[in-house]
Amino acid sequence: MSASPTPTGAYDLAFARWVYANVDGGDRMALCMQCGTCSGSCPIGAQMDHGPRKLFMMIRAGLKDQVLASDTIWNCVSCYNCVVRCPRKVPVTYILHDLATVALREGNAAAKASDNARFGSAFWWSAAKYGRTDERLVTAKYYWSFGLGGFIKRGMANQKIAMGMVKTKRMHIGMPHKVKGTGELAKILAKAAEIEARNHG
Amino acid sequence: MTERKTGVYLCSGCGIGASVDMSKLETIAKTEFKLEPKSHACLCNDDGVGLIKGDIDGGVNQVVVAACSSRVMVDRFAFEPVMTLRADLREKTTWSHPAGDEDTQMLAEDYLRMALASAPKVKAPEPWVDGDYSQRIMVLGGGVTGLTAAAQAAALGHEVLLVERSDRLGGRALEASKRLPHTPPYAQPQDNDIESLLAAVKASPHVSVKMNAVVTRTAGMPGKFAVTFADESIEHVGAIIIATGWRPYDATKLGHLGYGASPKVVTNVQMEGMLKTGSVSAKAVAFIQCAGSRDPDHLPYCSSVCCATSLKQALELIEKDPGTSCYVIYEEMRTPGVAEELYRTAQKAGVIFIKGKVKGVGADLTVTVADELVGQEVPLKGLDLVVLATGMVPNSTNPDAEASDKGPEQLIGDVDPEAPIKVAGYAGEAPADYTKRAQCTPEGGPLLNLQYRQGPHLPVLHDGFADSHYICFPYETRRTGIYTAGPVRRPMDWSEAAEDAQGAVLKAVQAVRSASAGAALHPRVGDLGYPKINLNQCTKCRRCTVECPFGAIDEDEKEYPQVNPTRCRRCGTCMGACPVRTISFDNYSVEFLTSQIKTVKIPDEFSGKPRLLLIACENDAIPALDQAAIKRHTWSAHVRVLPVRCLGSVSLLCISDALSVGYDGVMLMGCKPGDDYQCHFVKGSAMAAERLSKVGETLKSMMLEPERVVQVEASIADSDRLPTVIDDFVAQITKIGFNPFKGF
Amino acid sequence: MTNPSGSRTIMVVGGGISGITAAVEAAEAGFDVVLIEKTPTLGGRVAQMNRYFPKLCHPTCGLEINYQRIKKSKRISVYTMSTVAKVAGKTGGYTVTVKTKPRHVKPNCTACGDCAKVAETEVANPFNYGMNTVKAAYLPHGMAFPMRYVVDPSVAGTPEGEAIKAACTVGAVDLDQTEDSFDLQVGAIVWATGWRPYPAANLTAYRWSDLPNVVTNVEMERLASVDGPTKGKIVRPSDGAAPKTVALIQCAGSRDLNHLGYCSRICCLASMKHAAYVREQYADAQVDVYYIDLRAHDKLESFVQRLKRDPQVAFIKSKPSRIEAGENGNPVVCGENTLTREIYAKPYDLVVLATGMQPSVAEGEMPDLGGVDEYGFIFAEGEDISAGVAAGPLDVSMSVQSATAAACKAIRAVTTAH
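As they're listed, the protein sequences go chains L, W and A.
Quick note: the first sequence uses the numbering used here, first residue 183, plus one each step.
Quick note: the second sequence uses the numbering used here, first residue 3, plus one each step.
Quick note: the third sequence uses the numbering used here, first residue 323, plus one each step.
FYI, nobody ran anything at the bench for these hints, they're computed from the structure.
Only pairs whose alpha carbons sit at most 25 Å apart, straight line, appear in this in silico DSS-like list of lysine-lysine:
id : chain 1 : residue 1 : chain 2 : residue 2
1  : W       : K125      : W       : K600
2  : W       : K424      : A       : K630
3  : W       : K266      : W       : K322
4  : W       : K600      : W       : K611
5  : W       : K534      : W       : K560
6  : A       : K555      : W       : K424
7  : W       : K674      : A       : K630
8  : W       : K278      : W       : K266
9  : A       : K396      : W       : K55
10 : W       : K36       : W       : K125
11 : A       : K393      : W       : K633
12 : W       : K123      : W       : K600
13 : A       : K553      : W       : K424
14 : W       : K600      : W       : K744
15 : A       : K428      : A       : K393
16 : W       : K7        : A       : K394
17 : A       : K553      : W       : K674
18 : A       : K553      : W       : K633
19 : W       : K123      : A       : K394
20 : W       : K36       : W       : K7
21 : W       : K125      : A       : K396
22 : W       : K7        : W       : K55
23 : A       : K428      : W       : K55
24 : A       : K393      : W       : K55
25 : A       : K394      : W       : K55
26 : W       : K674      : A       : K377
27 : W       : K359      : A       : K630
28 : W       : K611      : W       : K737
29 : W       : K633      : A       : K428
30 : W       : K424      : A       : K377
31 : A       : K555      : W       : K674
32 : W       : K350      : L       : K271
33 : W       : K424      : A       : K566
34 : A       : K439      : W       : K633
35 : A       : K630      : W       : K361
36 : W       : K633      : A       : K555
37 : W       : K125      : A       : K393
Using the sequences plus the hints, can you model the full thing?
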């Protein structure tokens, strides 16, 4: 897939058009009429820097860097309230998730540094490797993304929670649980990657 | 004329008989009026109606029905050409006053007297019919509206004179590219099909066309208009449809949006031409909406079609070159109704919508916008065309004609559309008045140069459009027989204008057909009476010619009033204006009203029973009282209700007569005057208020308290309020004391 | 130009403002008209409005004039409680099957009201959208035309029904009336079938169904109307309290691909009216208008400007995402202010949903027609003649204009058909 173009000024549509053509659901994003239903529906809309509504306008305005650096694309919890309510049937959730992928793929620094990107990557690592998520390993992997200092600091800070989880059997100690047939899983994932590459190639 | 033979019919149904003594009513008819009444238990049933019909066959030529309100059972008691008068013993008597009560009985007796006393004063009207009437319809303006009107009027069998100011038919549609969507799925610009409309008109044998034509004067009245043209030819027509369309707002006034500084800043009208000729080549185009519209410095109104037009133009550009970047800079996107489809199509096609105010357009076409949705001021660079979505100015004047010394200002200003909303608690103080009220009457001379006493112009509203002030009656102009259609009436697009033209055609058809029958048009449809003026008594005071809401009365060379009957709408404002009762209708007159006022029995001051006269407008106040009665609300039985066509028809003579025969107070009850007036005769209630404002001094000179005569505003929805209003007035008058002229 | 064989009678289906207008305009041009109305009275939706924008005048005022025109015309036959079941034939020669529901009151009713005095059963009052009840023998409202009572079918065959029948001194009550159908020959048909308010229950996020203080714009009209359930006093349905804060939510269903894809045109201005109603009644009330785009065409713009100058009317560019239940029965309006990016959750005493207009065709009660678009509008340039909101989302003035044009088309059809 080609990298997204960088606009030269306000409302240079190069990036917007690339999003329409390449981002999952991007073609319907053109229909957004800026009513605000999505941002208002979002359970964590107040915590997002821009919210989907404004983010879509920023895409049109050519603010690519701010868009890809936005925490909005990482904070979506996939509740689909916005998708259900959007009067223009814009698949907001898909667009946000795919924009997150774009941000990572294009090496956006803020995106890579975002908490959710780190956690997502740790989560995926566990899911792909074991076919399920292991709280202990996902957490460890996530903490490790902050480097050794970050790992220790976060580990110490959350020690009490971890102990509580172990006690209530919400987290186990020992070998990671695995699904049967991880080989099959690897094949499925490889196929999925192939399809994605074909769709976005 | 044959001898008057009045049949009197008393109904005791619906509780009337149980409430009042019918035999006493019969006695009144016999002894006071020498008439033989017939009573019936349910006069509106077949038997009752048959009774009346039988008498009519036997020679009765006037019918008085004392039963329910004159608003109900109208069809049952219609015996045309025999005239029916009604006395309301039900709604305004039995249903609103206690049964078996002495005062209720007196009320019923007075209502019967009022009907019987007025009966000799009226007759079934003889229509004004005068020689030849033209059934021909003139259509002024040969654009989409005018062409459609001409084709439709011809299809209904009328000869049509189509008048066009320029040297070709087709109007602005000739320079337009595509049309706004008008058939499903409403999603794409549609073809300009003006040629087929032109062909239809050209093919019609009933349409004659006059090109390069300027009207220099229009005299006459519906059915008898004589229209003179600059070439001195005269055409006779029965009705006129004004379809003069619109002109674009003068873009040279839009320098702040870059117009004039660069040839690359064009209006939407210029853009249409460029799209039509295919002469536009641009990769990045900004459309600036509301260029002049919704702007108190320019046009205060919304021109309605500019949003959709910009979308259409953007789509045409994108269709030609999908790589074109189109930006629409807007405050509010206005694509009402199914036009929302076009908005979505434009979005899908990649048109970008920026909500915000344009701060300026630079010499290099950089448009600076305060982008409200992103929250920053952005320069829009790299544009190679800027389109100003300029608004519509109505051709309610002729830009080619010389301005008249009687300016159109005389016809606007009766409505302040931005008057503050009445607010509870602090009405009148806040919100503040709108100080910057634009006067939008377009430049130019009168379209028709009407030879009317009230001036040459067609009345326009505050925004300059020649529209009706009524929501329910959008074709009711203040110049009978002259109808406006299309964008001269309201900003509208092609399809709406074509629809509007057809509505105007129907009104014009009604006008010519009614005129030749001598019958009134809306709202007193079919009324054959018309004002007759006894010139022997006329003092040439000109009040009737000035006050007529429809400009129906001119002045002749000797300055006497001259009625143009087919312009008349039968409100009676002239009759109310006349200080010496010289104006009357066959079926309505000052005498008709005063005979009712004077026949009421006025008890002496020792009885403790005051008498008050309530003169009420029959369109709103009377229905409101009827509704109050249906709800069985009650009000003082000391009040006598006198329905009138309009408060405008109330002469001060009615009031002075009432006071001199001993009424203790007079209340006029009518529609809202002034801003947002609701009077269906435009200014009847306003004229009544004006006349009444001068009555105080007269009362003082008669040693009477000015508070004895009041005017109250009533709406048709006031059924719960009016009984209290009436009772409060009775209490107030009781406090003042009895009229000293009683029994004088 | 002639139509020697066919009928010159024009049928108008629907007795609201558009149908009434089409009927009187055609009759006053000299044509016979049959006016078919589904409910017991004419007036349709406008009769249920408190006032019109922008003049804030009462719809019954214009209706009164129109009713007088009908009463005085010898050319108009009105059939109430009637619908069109079937249409056969073509322009110039239609046979229309009309179905009539029983009113249980005959035309000789004098509207004296004796029947209502003995009626005891209360039935939902359709005139007030069921917000209150009426006796089973009732006059639909004070301005009802025809001015005749209706007896609810529920009392037929009961002792109460017999009492109602006995109370009528003119013998107008007929409890044995049944559904009837008959054929009429007409030359042209004008469809003036109007609209219904888009069902607010479909807007689940706005909680109209379970929060009493969330009402629709048509309910607001009844609340503000002197003949409404509160005699014109705008109060909270839950406790009858005077609202101090009122939210008006635009595009409740309109401009929404999940509901109505089009803009209903009238709702913005109707909400301006509602802001005016509230402000006229309560000096201390605050009104917030939530909107996407304020759509006030032509001179109606000045009506918006009137409201904008009221310091206690605020405009918030936002389509609220949802309404939640708050304390004291207060609905809480939630969403994003798109100009400030503020995420708000604001409690109100009363919330009014500006629900849109849906053409009656969408209800599926009409015969198959040509020229109907995907929304159910019988569009103006289609094969069938339509008037008013049957043709598209129009305001009253535009509807009357459309109806006058429809009368013109119908006359043309009956005079030129072969």
